[in-house]
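Asks: Whole structure, please, built from the sequences with the hints as guidance.
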Amino acid sequence: MEPVNILIVDDCPVVRLIIRKTLQLCPVEIENITEAANGDEGWEMVKSHDFDLVIADLNMPVMSGTEMIAKIRIDPTFNDVSILTVSAESNNSRIGLLSRLTEGFVHKPFSPEYLRDKILKVLEKQTIISDDTK
Amino acid sequence: MVKNMDNNDVNRIRDIALNVFEVTCYMFPLEEWEIEDAEDFDQPDGSVRSIVHFEGAAKGGMVISPSNHLLEAIAANMLGVEEATDPEKEGALCEIANIICGNTVPMFAKDENICYIRPPRIAKADEITDEIFKDMKSDKLQVLLDEGIADITIYYS
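Chains Y and U are the protein sequences, given in the same order. The opening residue of the first sequence carries number 1 in our numbering; numbering runs sequentially from there. The opening residue of the second sequence carries number 1001 in our numbering; numbering runs sequentially from there.
Bear in mind the hints are in silico, worked out from the structure with no lab data behind them. Hints may contain errors.
[Unchecked claim] Derived lysine-lysine pairs resembling DSBU-like cross-links, with alpha carbons at most 35 Å apart:
# : chain 1 : residue 1 : chain 2 : residue 2
1 : U       : Lys1059   : U       : Lys1137
2 : Y       : Lys71     : U       : Lys1059
3 : Y       : Lys125    : Y       : Lys21
4 : Y       : Lys47     : Y       : Lys71
5 : U       : Lys1137   : U       : Lys1003
6 : U       : Lys1124   : Y       : Lys21
7 : Y       : Lys118    : U       : Lys1134
8 : U       : Lys1003   : U       : Lys1134
9 : Y       : Lys21     : Y       : Lys71
[Stated by the list, open to error] Some chain U residues close to chain Y (C-beta under 8 Å, calculated; not the full set):
#  : residue
10 : Asn1019
11 : Thr1024
12 : Met1027
13 : Pro1029
14 : Asn1077
15 : Met1078
16 : Glu1088
17 : Glu1095
18 : Gly1102
Every residue, glycine too, gets a C-beta built ideally from N, C-alpha and C.
Replies: Structure, rendered in structure tokens:
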């Protein structure tokens, strides 16, 4: 697996730090971890960087994660970017809708091990897909 | 019109909160034989409170007020540090409030109506939450954990 670039989008610095620490548990080579504090910052980062994975919260000020994800998915430039949402959202229809737009959903509360496994699953799936298209 | 909560609903919120503290902060509920030890714990004094507003299927908010020792332990355990800074403590508390509220609001959602929760915030020192949510129904509960006590108030209409 190539070294990966990851964007964490969450308005809570504590959560960003927890996710960053969880990423250190992943047996993958990480080139860079970038952080954004809301969907708007995240969208700007996505446009100006080359990310393999975006880990995003949904409930954020300025621009929600849902809005940011919609912007990413509408633009074919970012078809290769995988998205994992991490949220306390509990409504099944909203989770179902999100699952069609993203590669995974982690419901809060989560253990670091569970999040690590989900991240690995998304990255592994992404590698398989990009290998197939080569 | 949202119906009044009964004891089962309040107990459900308590269970949700206990699960969130356990999974996120590695804290455990006091067992029955330990509850009298809770009398020695400092009580929440309301000096640091997190508020989460919600709207949609129901309108209201949740306020979480931990004891000082619990507040320190929440942040320290979430971050895996000895001592957290004040902003870290507030951020950690807001995240806990966000998760508990996010898992609670489906109780109000009927017929596919959705509750949308807003980003949590720390209440100002002189903010009276009963005033913010006046004319709403409210229920209060307390969670007793091995690291301290948290008061939770849910307002809804």
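Asks: Each hint: holds or not?
Replies: Quick rundown of the hints versus the structure:
Of the pairs offered as hints, the one joining Lys1059 (chain U) and Lys1137 (chain U) holds, with about 10 Å between alpha carbons and a cut-off of 35 Å not exceeded. Annotation: proposed proximity of Lys71 (chain Y) to Lys1059 (chain U) holds, straight-line Cα distance about 29 Å (limit 35 Å). A distance of roughly 22 Å separates the Cα atoms of Lys125 (chain Y) and Lys21 (chain Y); the hinted pair therefore holds under the 35 Å criterion. Taken as a hint, the Lys47 (chain Y) and Lys71 (chain Y) pair is honoured in the structure, with Cα atoms around 10 Å apart against an allowance of 35 Å.
Under the criterion of a C-alpha separation no larger than 35 Å, the hint pairing Lys1137 (chain U) with Lys1003 (chain U) is consistent with the structure, at around 9 Å. Distance restraint check for Lys1124 (chain U) and Lys21 (chain Y): the Cα-Cα separation of roughly 31 Å lies within the 35 Å cut-off, and the hinted pair is therefore satisfied. In summary, the hint linking Lys118 (chain Y) to Lys1134 (chain U) is not supported, as the alpha carbons are separated by about 42 Å, beyond the 35 Å threshold. Restraint check for Lys1003 (chain U) and Lys1134 (chain U): the C-alpha separation of about 17 Å stays at or below 35 Å, so the hint holds.
Between Lys21 (chain Y) and Lys71 (chain Y), the direct Cα distance comes to roughly 28 Å. Compliance with the 35 Å bound is thereby established for this hinted pair. Restraint check, Asn1019 (chain U) versus chain Y: the minimum CB separation of about 7 Å is within 8 Å; hint holds. A distance limit of 8 Å between C-beta atoms decides the matter here; for Thr1024 (chain U) the minimum to chain Y is near 5 Å, and the interface restraint holds. With its C-beta approaching chain Y no nearer than about 12 Å, Met1027 (chain U) sits outside the 8 Å limit, and its interface hint is violated.
Here the hint on Pro1029 (chain U) is broken, as its CB sits about 15 Å from the closest CB of chain Y, past 8 Å. Against a cut-off of 8 Å between C-beta atoms, the interface hint on Asn1077 (chain U) is violated, since the closest Cβ of chain Y lies about 11 Å away. With a least beta-carbon distance of about 6 Å to chain Y, the hint placing Met1078 (chain U) at the interface is held under the 8 Å criterion. For Glu1088 (chain U), the interface hint holds, the least distance from its beta-carbon to any beta-carbon of chain Y being 6 Å, beneath 8 Å.
Evaluation of the Glu1095 (chain U) hint against chain Y yields a held restraint, the C-beta minimum of about 5 Å falling below 8 Å. Nearest Cβ of chain Y to the Cβ of Gly1102 (chain U): about 3 Å, under the 8 Å cut. The hint holds.
The structure fails to meet hints 7, 12, 13 and 14 from the earlier list, while all remaining hints are met.
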